[in-house]
Amino acid sequence: AQKITQTQPGMFVQEKEAVTLDCTYDTSDQSYGLFWYKQPSSGEMIFLIYQGSYDEQNATEGRYSLNFQKARKSANLVISASQLGDSAMYFCAMRERYFGNEKLTFGTGTRLTIIP
Amino acid sequence: KAGVTQTPRYLIKTRGQQVTLSCSPISGHRSVSWYQQTPGQGLQFLFEYFSETQRNKGNFPGRFSGRQFSNSRSEMNVSTLELGDSALYLCASSLDSANQPQHFGDGTRLSIL
Chain A
1 AQKITQTQPG MFVQEKEAVT LDCTYDTSDQ SYGLFWYKQP SSGEMIFLIY QGSYDEQNAT
61 EGRYSLNFQK ARKSANLVIS ASQLGDSAMY FCAMRERYFG NEKLTFGTGT RLTIIP
Chain B
117 KAGVTQTPRY LIKTRGQQVT LSCSPISGHR SVSWYQQTPG QGLQFLFEYF SETQRNKGNF
177 PGRFSGRQFS NSRSEMNVST LELGDSALYL CASSLDSANQ PQHFGDGTRL SIL
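In order, the protein sequence lines correspond to chains A and B. Just so you know, we're using my numbering here: the first sequence kicks off at 1 and counts up by one. Just so you know, we're using my numbering here: the second sequence kicks off at 117 and counts up by one.
Note that these hints are calculated values from the structure, not bench results. Take the hints with a grain of salt, since some may be wrong.
Unchecked claim - Reference listing, derived: stretches of chain A covered by chain B, where coverage requires no fewer than 3 residues with Cβ under 8 angstroms from a Cβ of chain B:
| no. | segment |
| --- | --- |
| 1 | 14-27 |
| 2 | 56-68 |
Claimed, not checked - 30 angstroms max Cα-Cα, derived DSSO-like pairs, lysine-lysine:
| no. | chain 1 | residue 1 | chain 2 | residue 2 |
| --- | --- | --- | --- | --- |
| 3 | B | K129 | A | K73 |
| 4 | A | K16 | A | K73 |
| 5 | B | K129 | A | K70 |
| 6 | A | K3 | B | K129 |
| 7 | A | K3 | A | K70 |
| 8 | A | K70 | A | K16 |
| 9 | A | K3 | A | K73 |
Where a beta carbon is used, it is the ideal one built from N, C-alpha and C, also for glycine.
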């Protein structure tokens, strides 16, 4: 079963608009972490934002915020005032224990394209 | 502060050969993880090293191995290469594994002919 689900394979957004990238997760752990990464066409993975399962406040980092709804197991990324440089693949990831191991599991990603 | 450095950036090998990829983590980071990224399978966790010991492991065959040195630098080795091993191999480092963000290198793009 998919641990991390990103239902939007691709999105097109007008420059300066806000965009929400969806992410739902599945875990039975009480303690876990949720991450968002950006991967431009050049290939490097850039860490954007982190939310711990016990954090009561939604995480924010500049133009990025994470809409964390624990009961619904969703961790959507919100980018305010989108810019052309935001065009990239975006991956949601979860850190959890898996048969005694800790691992980071990634979703399939959303390709975001910002239109001028 | 220098980021995660992976070498080489690109590599071309033939089936049956072996390959060693290198990763230098951010200074002070003791955890190094390796991932394989392919269009079909996405990003998959290979293994994690911490203080020279493999601490976590994904579901890859034994042809994939790694090690970590006392300076936290890590190497990944793939033996008896197969066509399906063609991928972008990403290394990531963090202060510790427990809910710390991992910082990724630019990756090594391995092509198997």
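Quick one: which hint numbers does this structure break? Sort them smallest to largest. 1, 2, 3, 5, 6
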